[in-house]
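Given the coordinates of chain A, work out where chain B with the ligands should sit on it, guided by the hints.
So you can see what is in the structure, the chains are spelled out below.
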Amino acid sequence: MWWRVMAEAVFVGLPKRFVKVSIDGQELDVLEGLTILDACRQLDIDTPTLCQLETLTPVNVCRVCVVEVEGSRVLVPACSRKVEAGMKIRTDSERVRHSRRLVLELLASSVDMSLCSAQVGGWMSRYGATPQRFGDSVATVAQPVKIDNDLYVRDYSRCILCYKCVEACGVDAQNTFAIGVAGRGFDSHISTEFTVPLPESACVYCGNCIGVCPTGALMFKSEHDMRQAGTWDESRQTVTETVCPYCGVGCMLELHVQDNSIVKVTSPLNNSVTAGHLCVKGRFGFQFVQRRKQE
Amino acid sequence: MDIRTTGGPPTAEEMAAVDGVLGDPTSLWEGGARHPADDHVAFGGHATRSQRPLLLPVLHAIQDRVGWVSRGALEYACRRLSIPPAEAYGVVTFYARFATDERPAMALHVCDDLACKCAGADELCSELEHAFGPAGNSWRRSPCLGLCDRAPAALVERAGASHQEVQVAPVTVEVAVEVLRGGRWPESVNRPLPDRPRKLLRRIGAIDPESIDSYREHGGYVALRRAIELGPEGVIREVTEARLLGRGGAAFPTGRKWDSVAKAPVRPHYIVCNADESEPGTFKDRELMERDPFAVVEAMTIAAFATGCEQGYLYVRGEYPLARRRIENAINQAHAHGFLNFEIEVRRGAGAYICGEETALFNSIEGKRGEPRNKPPFPVQVGLFGKPTLVNNVETLVNVLDIVVDGAVAFAATGTQDSTGTRLFCLSGNVHEPGLYEVPMGTTLRALIELAGGLRDGRTLQAVLLGGAAGSFVTEQQLDVPLSFEGTRAIGATLGSGAVIVLDDTADMKQILLRIARFFRDESCGQCVPCRVGTVRQEEVLHRVLSARNGDAHSSDINLLTDIAQAMRDASICGLGQTAANAISSGLIQLNVVARDG
Ligand SMILES: Cc1cc2nc3c(=O)[nH]c(=O)nc-3n(C[C@H](O)[C@H](O)[C@H](O)COP(=O)(O)O)c2cc1C
Ligand code: SF4
Ligand code: SF4
Ligand code: SF4
Ligand code: FES
Ligand code: FES
Numbered sequence: 001m002w003w004r005v006m007a008e009a010v011f012v013g014l015p016k017r018f019v020k021v022s023i024d025g026q027e028l029d030v031l032e033g034l035t036i037l038d039a040c041r042q043l044d045i046d047t048p049t050l051c052q053l054e055t056l057t058p059v060n061v062c063r064v065c066v067v068e069v070e071g072s073r074v075l076v077p078a079c080s081r082k083v084e085a086g087m088k089i090r091t092d093s094e095r096v097r098h099s100r101r102l103v104l105e106l107l108a109s110s111v112d113m114s115l116c117s118a119q120v121g122g123w124m125s126r127y128g129a130t131p132q133r134f135g136d137s138v139a140t141v142a143q144p145v146k147i148d149n150d151l152y153v154r155d156y157s158r159c160i161l162c163y164k165c166v167e168a169c170g171v172d173a174q175n176t177f178a179i180g181v182a183g184r185g186f187d188s189h190i191s192t193e194f195t196v197p198l199p200e201s202a203c204v205y206c207g208n209c210i211g212v213c214p215t216g217a218l219m220f221k222s223e224h225d226m227r228q229a230g231t232w233d234e235s236r237q238t239v240t241e242t243v244c245p246y247c248g249v250g251c252m253l254e255l256h257v258q259d260n261s262i263v264k265v266t267s268p269l270n271n272s273v274t275a276g277h278l279c280v281k282g283r284f285g286f287q288f289v290q291r292r293k294q295e
Numbered sequence: 296m297d298i299r300t301t302g303g304p305p306t307a308e309e310m311a312a313v314d315g316v317l318g319d320p321t322s323l324w325e326g327g328a329r330h331p332a333d334d335h336v337a338f339g340g341h342a343t344r345s346q347r348p349l350l351l352p353v354l355h356a357i358q359d360r361v362g363w364v365s366r367g368a369l370e371y372a373c374r375r376l377s378i379p380p381a382e383a384y385g386v387v388t389f390y391a392r393f394a395t396d397e398r399p400a401m402a403l404h405v406c407d408d409l410a411c412k413c414a415g416a417d418e419l420c421s422e423l424e425h426a427f428g429p430a431g432n433s434w435r436r437s438p439c440l441g442l443c444d445r446a447p448a449a450l451v452e453r454a455g456a457s458h459q460e461v462q463v464a465p466v467t468v469e470v471a472v473e474v475l476r477g478g479r480w481p482e483s484v485n486r487p488l489p490d491r492p493r494k495l496l497r498r499i500g501a502i503d504p505e506s507i508d509s510y511r512e513h514g515g516y517v518a519l520r521r522a523i524e525l526g527p528e529g530v531i532r533e534v535t536e537a538r539l540l541g542r543g544g545a546a547f548p549t550g551r552k553w554d555s556v557a558k559a560p561v562r563p564h565y566i567v568c569n570a571d572e573s574e575p576g577t578f579k580d581r582e583l584m585e586r587d588p589f590a591v592v593e594a595m596t597i598a599a600f601a602t603g604c605e606q607g608y609l610y611v612r613g614e615y616p617l618a619r620r621r622i623e624n625a626i627n628q629a630h631a632h633g634f635l636n637f638e639i640e641v642r643r644g645a646g647a648y649i650c651g652e653e654t655a656l657f658n659s660i661e662g663k664r665g666e667p668r669n670k671p672p673f674p675v676q677v678g679l680f681g682k683p684t685l686v687n688n689v690e691t692l693v694n695v696l697d698i699v700v701d702g703a704v705a706f707a708a709t710g711t712q713d714s715t716g717t718r719l720f721c722l723s724g725n726v727h728e729p730g731l732y733e734v735p736m737g738t739t740l741r742a743l744i745e746l747a748g749g750l751r752d753g754r755t756l757q758a759v760l761l762g763g764a765a766g767s768f769v770t771e772q773q774l775d776v777p778l779s780f781e782g783t784r785a786i787g788a789t790l791g792s793g794a795v796i797v798l799d800d801t802a803d804m805k806q807i808l809l810r811i812a813r814f815f816r817d818e819s820c821g822q823c824v825p826c827r828v829g830t831v832r833q834e835e836v837l838h839r840v841l842s843a844r845n846g847d848a849h850s851s852d853i854n855l856l857t858d859i860a861q862a863m864r865d866a867s868i869c870g871l872g873q874t875a876a877n878a879i880s881s882g883l884i885q886l887n888v889v890a891r892d893g
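Line by line, the protein sequences are chains A and B. If you count by our numbering, then the first sequence holds residues 1 to 295, one letter each, in order. If you count by our numbering, then the second sequence holds residues 296 to 893, one letter each, in order.
Isolated chain A, as found in the complex (with noise of 0.2 angstroms):
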């Protein structure tokens, strides 16, 4: 009955309070529940992550954001690991830079990270990461771009596995579970059911997934196609903010424009409608801007 329903005590969860961490020698107060890359970032502390994004559940599977805590006999990754009262974190002791150093090694000596952005560029320098040092033969997941259809190409010789995909194309956002990570071990890579091309699986090209990859690796087909052609060049391009004429939702657009043709769509992340993520509409249906435009 609709009253007893009402009378029913509602658990709204335990108030928050702060707790005091200390972070390098010092001290502050950070909200319960944050993790300890958010304290991190009330410090201005720069913190590298690459399978860390806001508007993911954190997978922590790629170890570069790992801190020492006192009392803990291993490393603990800071996009996960929520504040605890008392904590002392060091975040750049020789065991952290050298986990840092030596994971940003593994990766880059095994997979294409040259259109990462600047930022991991500048991790690879600030920890003096070498990777040729491993040599020249060495296993990496190097392989041809996959182009299956007309709107975006996955070049999985550039997966870092941070599993950011899965999530987007899973249940943080689009709930169509078209990817998942299949194999095991160094083989471990994203695929469709039996690596079917994308047509053939349940993908319905939302892009959400070309949103959250850090590596490049999803690319719209427009960008692949322009940089295979050498045209590609970001300073001639400007960002437009607007929003979807599609439908009643509102998301908010991003247009990248080059020599007045669209070449990609983002939404930002921050957005409160779309927290990045869109559809098919917004993310590829932009066609008829400059087909009108044309005639």
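Careful: at least some of the hints might be erroneous.
Said to hold, decoys possible - Keeping only pairs whose Cα atoms sit at most 30 angstroms apart, straight-line, the calculated BS3-like set for lysine-lysine is: (1) B:Lys558 with A:Lys20; (2) A:Lys16 with B:Lys682; (3) B:Lys682 with A:Lys82; (4) A:Lys16 with B:Lys558; (5) A:Lys82 with B:Lys663; (6) A:Lys20 with B:Lys670.
What the hints assert, rightly or not - Label-pair distances were calculated between CB atoms; the ranges are: (7) B:Thr301 with A:Ala142: 47 to 57 angstroms; (8) A:Ser117 with B:Gly415: 49 to 59 angstroms; (9) B:Ala342 with A:Val171: 14 to 24 angstroms; (10) A:Lys88 with B:His513: 28 to 38 angstroms; (11) A:Val171 with B:Phe547: 26 to 36 angstroms; (12) A:Arg41 with B:Ala342: 34 to 44 angstroms.
Hints in this document: simulated from the structure, not taken from any laboratory. Beta carbons: idealized from backbone N, C-alpha and C, even for Gly.
Relative to chain A, chain B with the ligands alone:
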């Protein structure tokens, strides 16, 4: 969620295999025949999705019946269970047992791991290669099959309506060739345990492992009665005061774990018996399950009673068909005799060492890839299906029977102050009498090897691998180490799973180290970078180091190994990555490739 299936229909056999586990489909939505109502109702919801934990049993059924998992079969399973095919494909390809390409019905898995290497497995494999072509189709190389006391070992299976599976050890070239040519089907034989005083193992050989009456004649179910008299708190008090430490590898205090689960406010509580024993050189849990299965079931019952667990799972290594049958029989008989008031579901592993890690094991039971979870939260708070869960190793649990019957004081009288009771050691490799030995904690390694008859005549000791691949090498000079948790820790070693692989001067240490490196590369789940890439680089660099002429290894390569080792130890998610360099680091010291102090 879109379940899009474009791979064509399953064959009748594949359907029968799936339906054998799930029952017949009731609608078109489940892949069955069209029913008029199907046009108006959608299929799905919680009831369907909650069947996810059945994915592995269904995949086993398909593999058993057909010998491989085709796209049509997988998609049919997906429609029945409402699982996206891409996710299910991720699961199938994670486990070594499932094949996604067509294979012959007959499969011979030949162990080429450490103990079997010492017993000529490499020669066996090259003969098979010669006769049947490279490994991969009709015969395959396998990591340790847990039959190291009878090395070299193999596992034969034949897919079909009545799937057959048998462990063959020792296996000879003649037997292997005959099996592959479709000749005589081999038989499995147990080895009698040598006659010596035993505690935990006292019923082995004395009882009929298929009969609960025989078990009861030998003191079976006395402990359960005593446990009920003591009450849950009483049982936990005894286990705590006995200072029992977990035998699965991590040596966690069992009493503390039980107490945490018992007090966890969230319901239900689950109990999981970890019988995934896959550490190379380890076969103790197999022996217990094959030859004293009722003890395992009784101990689980007591643990569940003490910690308030409503449902139990026993996860048996996939390569242990006899142990699985015996345990299933024991559970059925215990039910029939009213000794079991909760459900214990037997789950079958599918060829993944990592599933012995407790949180990977939960994921495997839940029908997912066996990827370990980050801790905290710990299983006692957030375990199987997100609920408080008690996980214990088989040997740990069986120890509880004596603790409950004899009392904590009597139990702790054996062993050392910090490591109470006895310990099972799996001796294999170059000893006179390989097998399972039970000795009080604190017995020296030298005494243990002597119990097993020592080395063969005229041979000298090269090294002992203590604790399996995740353990480390112990030298001749360290043979007087007391085998207790604290004693091994003092020399930087570990008891681990109780594996003791003895290597004399005939063993090829380089090949042994390379095999260990390959093991970790093959068995890494692939989730985290330090382990996924680190185990590969470790193997590559080790190849370079060991193929260098004596003492000629580049110091930069040695540095690389040390660097990789430290990052794997510090930054990996789970114990696999954290220990993947131990044996190799200590083995290189043993080989004098790396200086003893540095
Ligand atoms: C890679 C890896 C493999 C493991 N394999 C096993 C195993 O086969 N059997 C087992 O009992 N514990 C295994 N463990 C330890 C378990 O995670 C867990 O600690 C143990 O089952 C707890 O039981 P216990 O307290 O009775 O020892 C493994 C751990 C790791 C990291
Ligand atoms: S485009 Fe959308 S549906 Fe397709 S794989 Fe990416 S996230 Fe999944
Ligand atoms: S494709 Fe991109 S998002 Fe997906 S796992 Fe690889 S790097 Fe991460
Ligand atoms: S350490 Fe290895 S096995 Fe463990 S989670 Fe990481 S990749 Fe997987
Ligand atoms: S960012 Fe923390 S583990 Fe990847
Ligand atoms: S069975 Fe071959 S090494 Fe264990």
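Each hint tested on the structure:
1. Simply put, lysine 558 of chain B and lysine 20 of chain A have alpha-carbon atoms about 28 angstroms apart, close enough for the 30 angstroms limit, and the pair holds.
2. Under the criterion of a C-alpha separation no larger than 30 angstroms, the hint pairing lysine 16 of chain A with lysine 682 of chain B is consistent with the structure, at around 24 angstroms.
3. Straight-line distance between C-alpha atoms of lysine 682 of chain B and lysine 82 of chain A comes to about 20 angstroms, which keeps the hinted pair within the 30 angstroms bound.
4. As the CA atoms of lysine 16 of chain A and lysine 558 of chain B are separated by approximately 24 angstroms, the hinted pair is consistent with the 30 angstroms bound.
5. This hinted pair checks out: lysine 82 of chain A and lysine 663 of chain B have alpha carbons roughly 25 angstroms apart, not beyond 30 angstroms.
6. Restraint check: the Cα-Cα separation between lysine 20 of chain A and lysine 670 of chain B comes to about 22 angstroms, which is no more than 30 angstroms; the hinted pair holds.
7. The beta-carbon spacing between threonine 301 of chain B and alanine 142 of chain A, approximately 29 angstroms, falls outside the hinted interval of 47 to 57 angstroms.
8. A hinted range of 49 to 59 angstroms holds for the C-beta pair serine 117 of chain A and glycine 415 of chain B, which are about 54 angstroms apart.
9. Hint check: alanine 342 of chain B to valine 171 of chain A, Cβ distance near 19 angstroms, so the stated range 14 to 24 angstroms holds.
10. In this structure the supplied range 28 to 38 angstroms is violated for lysine 88 of chain A paired with histidine 513 of chain B, their Cβ-Cβ distance being about 54 angstroms.
11. Look at valine 171 of chain A against phenylalanine 547 of chain B: about 32 angstroms separates their beta carbons, and that is inside 26 to 36 angstroms.
12. Between arginine 41 of chain A and alanine 342 of chain B the C-beta distance comes to about 43 angstroms, which sits within the given range of 34 to 44 angstroms.
This entry does not satisfy hints 7, 10, going by the numbered hints stated previously.
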